[in-house]
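Participant: The residues making up each chain are set out below.
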Amino acid sequence: MRASDRARNWALGIWSAAALLFLFIPVFLIVLFSFNDNKGRFNFTWQGFTLDHWKEPFRDPDLAKAMENSLLIAAVTTVAAVLLGTLLAVALTRYRFRGQGAAGFFVFLPMATPEVVLGASLLAMFLVAGIDTGFWTIVIAHVMFTVSYVVVTVRARLEGMDPYIEEAAQDLGAGVWTTFFKVTLPMIAPGVVAAAVLAAAISIDDYVVTSFNAGQTQTFPLYIFGATRQGVPPEVNVLGTMLLVGVLLLMGLNLAVQKALARRDRAVVEEPPSQPPTPAVPAAGPSAVAG
Amino acid sequence: MDTLDPTRPTGAAGATAPAAPPPASPPARERSRRPSWRLLAPVGGLYGVQFVVPLAFLVVMSFWIPVAGGSPEAGFTLDNYRDVLGDGFTLGIFWRTLTMGVATGLLCLALGFPVAYGIVRAPRRWRTPLLLLVLMPFLVSAVIRSFGWMVLLADNGIVTRLLRGIGLVDGGLMYTMPGLIIAMTHVFLPIMVLVLYGVLERIDPRLEEAAANLGASRPRTVAFVVFPLALPGVLAGTLLVLTLAMSSFVTPAMIAGPRLRVVATEIYDQAVNLLNWPLAAAMAILLMALILAVSALFTRVLMRIVPGGTR
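Protein chains in written order, with my numbering: chain C, 1 to 291; chain U, 1001 to 1311.
Quick caveat, the hints were computed from the structure, so don't treat them as lab data. You can take every hint at face value.
Covered stretches of chain U (chain C as the covering partner; in silico rule of three or more C-beta atoms under 8 angstroms from a C-beta of chain C):
{"hint": "1", "region": "1056 to 1070"}
{"hint": "2", "region": "1105 to 1115"}
{"hint": "3", "region": "1143 to 1149"}
{"hint": "4", "region": "1186 to 1199"}
{"hint": "5", "region": "1267 to 1275"}
{"hint": "6", "region": "1286 to 1294"}
Pulled from the structure, derived: some chain U residues nowhere near chain C, Cβ distances all over 12 angstroms:
{"hint": "7", "residue": "G1075"}
{"hint": "8", "residue": "T1077"}
{"hint": "9", "residue": "D1083"}
{"hint": "10", "residue": "G1092"}
{"hint": "11", "residue": "V1102"}
{"hint": "12", "residue": "A1210"}
{"hint": "13", "residue": "P1228"}
{"hint": "14", "residue": "L1229"}
{"hint": "15", "residue": "M1303"}
{"hint": "16", "residue": "R1304"}
{"hint": "17", "residue": "I1305"}
Glycine residues also receive a C-beta, built at the ideal position from the N, C-alpha and C atoms.
Sequences are here, hints too, so could you generate the full structure?
Facilitator: Here's what the structure looks like:
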């Protein structure tokens, strides 16, 4: 009995290990094949180790241009989406207005809508409005669906925050914008940073919505997708690996910023230990409802 | 990680501010209740134009009359819907999309549950690194990952040779349904693990200890104690993967190719290559309807299983 139990325990472990292996093999393969000394058009079989492709990753000018476009689009998208999304999140959590439920629903809708539907509907609109598709239509499309993720991320942070702090600032004479920049923004900073990372990652990766609205503009995912049809230069693996490392660094940076901000928050709270920070009544407000 | 937790109820705390008006400071309450249009108007307006208008437009367009090779004619016809629903070929595409989604969801569950459980019950300091490890493939673009699978599934690819060795398949796996489902499972497995982790983490380990003390083996405990408790998360994760898989485009387009079409690739083909926008719009709306129907079914099952919502 005990022996068979142990066997089953082992089975669970092996099953999990196999699943992890399954997750990693394709990613590992992409990194590995960036060092492949391949001869033909397709980089599908291992032929020997070389560092050649890493020396000149941007040998193909189209590939370099596509990468440049992707990074630029991601940068513009991130700034715009974080600006819009943060304000929208503040409006949705801090104010009561007519149609608030509908607004919340519409923010969520792009995340629930299939990407093909999003891409198609935007292109249909651009076509009818007579707007030529290209760089800026991609940016508009990306902002549209990354805003939702920004709102959700920032909102989660805002909801854990005491609204009375902002009211205190306003009672002391701060205007709407002063309160936002001096009080709200520093407190939700970790959420905003996380949202920016998320928006940038989604924008760089997107294929579907981009392909509908790209026109003649190439982005990195579009380039690879097209390349897999005629033959894939190993530089694609190199850039894919670089992108992976870049996103990992971004995530690491995000974690570091979160930790630093958390430390700052702790320092602020711990500085005046003589006074109890908030009166009991308002503090009870949010938790009472949440419970 | 907190913000990615899909099981977190987002709506509940949103009602905090107005629901508990403390009698102490009514003027402050009043002010914060008033909307600040300066914050909201530009955003709301832009958002409406960017999202609501195009989607509404797509609905309208699905009733327009297609003109071969040209821009569609404004009007009202149900022919586009009739063309989709009355045609065996397109119905077959919808059916394939549904079965592919279900298969991907179930396979993700089968692979993801042991992994999520293993991470939850791993030593504390190992949990975050392990979770990040599982999520890492998620950081690689779906296009690149699908490309990785093209290499693996090719006629002389590693996975194909492995499965051929066992005798599971005889030909190549590229452009076949099994190959597609394998690649799709890989794309969505991190999401499944993330959802299941969120649920499994909240299950009290003392329940498992109790089961063990009463003589149940670890697999028995998992099957009869942990799994039933995690059922809401299991259903939520499966539903999430299923709906995402049903609307995914990149992996089917790359792995399954033009012979094995799914709804998403067909919509793209109709709209961009054949310029039949009304038909593409009708398909897009039917795809959303199908996804909503599946979601509604799952929600009903969930309501049955969790009386009163224990979570």
